[in-house]
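Residue numbers (the numbering used here), protein chains in the order written: chain A, 1 to 230; chain B, 1 to 283; chain C, 1 to 223.
Calculated from the structure, these hints are not laboratory results. Take the hints with a grain of salt, since some may be wrong.
[As the list claims (entries may be wrong)] In silico EDC-like pairs for lysine to aspartate or glutamate, Cα to Cα no more than 20 Å straight-line:
| no. | chain 1 | residue 1 | chain 2 | residue 2 |
| --- | --- | --- | --- | --- |
| 1 | B | 141 | B | 169 |
| 2 | B | 27 | B | 249 |
| 3 | B | 215 | A | 196 |
| 4 | B | 154 | B | 121 |
| 5 | B | 99 | C | 4 |
| 6 | A | 144 | A | 127 |
| 7 | B | 45 | A | 14 |
| 8 | C | 12 | B | 169 |
Computed from a predicted structure; not experimentally measured.
Below, each chain spelled out in residue letters.
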Amino acid sequence: MELLAFGKTGWGDELFYATLMTIAVSVTAMLIGFLFALIFTPLKLSKYKSLNLIGNFYTTVIRGVPELLVIYLFFFGGSGAIMFVASMFGYYEYIEINAFITGSFAIGIISGAYSTEVFRGAIQSIDKGQFEAAKVLGVKKHIKFYKIILPQMLRLAIPNLSNVWQITLKDTSLISVTGLVEIMRQSYIAAGSTRDPLFFYSFAAVLYLLLTFISMKLINRLEIKYSRGF
Amino acid sequence: MNIFKKTIISVLASLFITTSVYADKIKIGTEGAYPPWNSKDASGKLIGFEVELAWTLCRYIGKQCEIVEQDWDGMIPALLMRKFDAIMAGMSITDERLKTINFSQGYADEVAQLAVMKGSDLEGMDTPSGINLSIGGSSVKKALKTIEGALAGKTVCVQTATIHQNFLDSGDVGSVNVRTYKTQDEVNLDLAAGRCDVALAAAVAFTDYADKSGKPVVLVGPTFSGGAFGNGVGVGIRKGGSGAIGERDAQLLKDFNMAINKARKNGDISRIATKWFGFDASM
Amino acid sequence: MDLELMINSFPKLLNATVVTLKLLSLSLLFGLFIGLLFAIMRMNNNFIINKFAYGYSYLFRGTPLLVQIFIIYFGFGQIEFIRSSFLWVVLKEPYWCAIIAFALNTGAYTSEILRSAFQTIKKGYVEAGKSLGISSKIIFYKIQIPIAIRQSLPAYGNEIILMLKGTSLASTVTLMDLTGVAKYIISTTFKPIEVFIVAGSIYLFMTFLIHNFIKFLERKYNY
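Bound-form chain A, shown alone:
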């Protein structure tokens, strides 16, 4: 227990901050993932083959390559790519992206590929009749989307999104290359410094279990809320 003391002697406070960091990265990555899904889901569902191709390329590549590689590629290539884009606009200075953004984006890209698949599946499983009914009733396009499709899609998507959340949460353990001190990196540092890997990695496992347990409870509540009236 001395190892977990707060303050200068133990690793308790460091691990506490690291847990907050894991939560912060996971949530941000999940949101970034939603943004990606917002772009790529319509592409995958589009009538146009070329747009399908772009959407499929994203989800296939990201879900087919180990997370570690995606993170490394984003970490080493991300700022280079942004600088390349900036140079086309005549900006040649170095653009720095901080570790938090880098880490969240790296995980967000992965998370987004899974979210895209979930949204695509959810939209496709909405009864076709509903679209037609809306059309017949002359409901405006954006009202149709916000009032009819979106609520149903969310209800269908929540159980699968909770899987995406779990994947996202666990993937944050791989971003140590970015130098961001989340649970895994902090445990790694503590294990190295105290030479007690068994204790710190087991403790990390407990922290992750706690996070998955609590988030599952919260998601269940959400699920109950959204399935009301069905």
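Go by the hints and put chains B and C onto chain A.
Below, chains B and C alone, put in the same frame as chain A:
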């Protein structure tokens, strides 16, 4: 809930504030897992010989500094990708690395040596106390032959992308069964656990581990220098390219060389080295 | 982009792919046994057996694979008791540590896949079998298991791909798999992007093959 508030604020601040332009601040990358060169203490602060030296050098240069943590295996790629401007991470100046990056003059000498657990049959290996691979000669050749024989069939552990790995891969001691680790901490753990028969690293990395863990780690064979082991530890800096960014890198190299000269003359390097290594490893 | 490096590193990476495939196939093989065992335990009416199987699956699905490997490799390696026992013969080797971690991990997911497959089998099949006077053992092996396999093919195909990606973590315990060799090449060339693109393409190609193989099986067993 003061801690809580503070954390939330600092986390939020670090989230979205990105400095997009190169500030007049030198960012120095270090590993934080290679004691006593650089490591982290229980409050999460970076400490060690190079961390203290970095602050000293920055004072001489007269610029603000920030020390950045970076995993060792991504150290040089991260420098090239401009995650930071200089490396101070126990990195030896070698020909191989000089193809890709520049180095300042050396500031410290890294003495590499093999280590085993007490009771290993490698103890009492009959070699000179030190060999310099750049000088060569019959005595060096003989020592390498002895080491080749001793390492045959053994699992030799090193940290990845180090001079130690380069040496074992070079063929100087035959074909060795090398196992590479992400950090020296892991090498130490597996040496003590018995997964490694022998390990190769800076001698101080082993003595530091033996001191702190109380494990019977013993140094064997000669100390190595020259050749694959390079010419001391220096500050790694990008090769100056063209344009304003390139000029800054070239200037940074000059600044660090100047600062190392001053620190050496004033006895700072010796003092800091003695504090962390127990002896004067300055160059 | 250093095309020459990409071309030169390709054969080395292809060699390392053999290690990755070995890790994958052994982990899947052991994982399938573990998964089947725990799926059956989950359907047991005994509270303790049931909860034990649930706990196992929860533990391994609720924590990152990286943590699991580190506990098994670095953690268990610190326990004197394990080091002096017969277990050390296996746990001493990074190769077996990785396979144990992978197998336990995929076993947890596989048990969930199989369990839900067993549970969705229509009661009617079992009752039809019973009414024909077929013994419950034969019903289980000849009716329930084949249907469960067919039912779980798509989900299990996904699991194979997840495991393939998971094997990349073997490189964190010193193994020279595809990712390990990629990192090794980077350690001397300092060009991560080129090397990781080649390695990533090889992974992608394997994913593609697995995906299509599962699709093929699905069509074949579509009755």
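TODO: State the violated hints by number, sorted upward, taking the hints as numbered earlier in the document.
DONE: none
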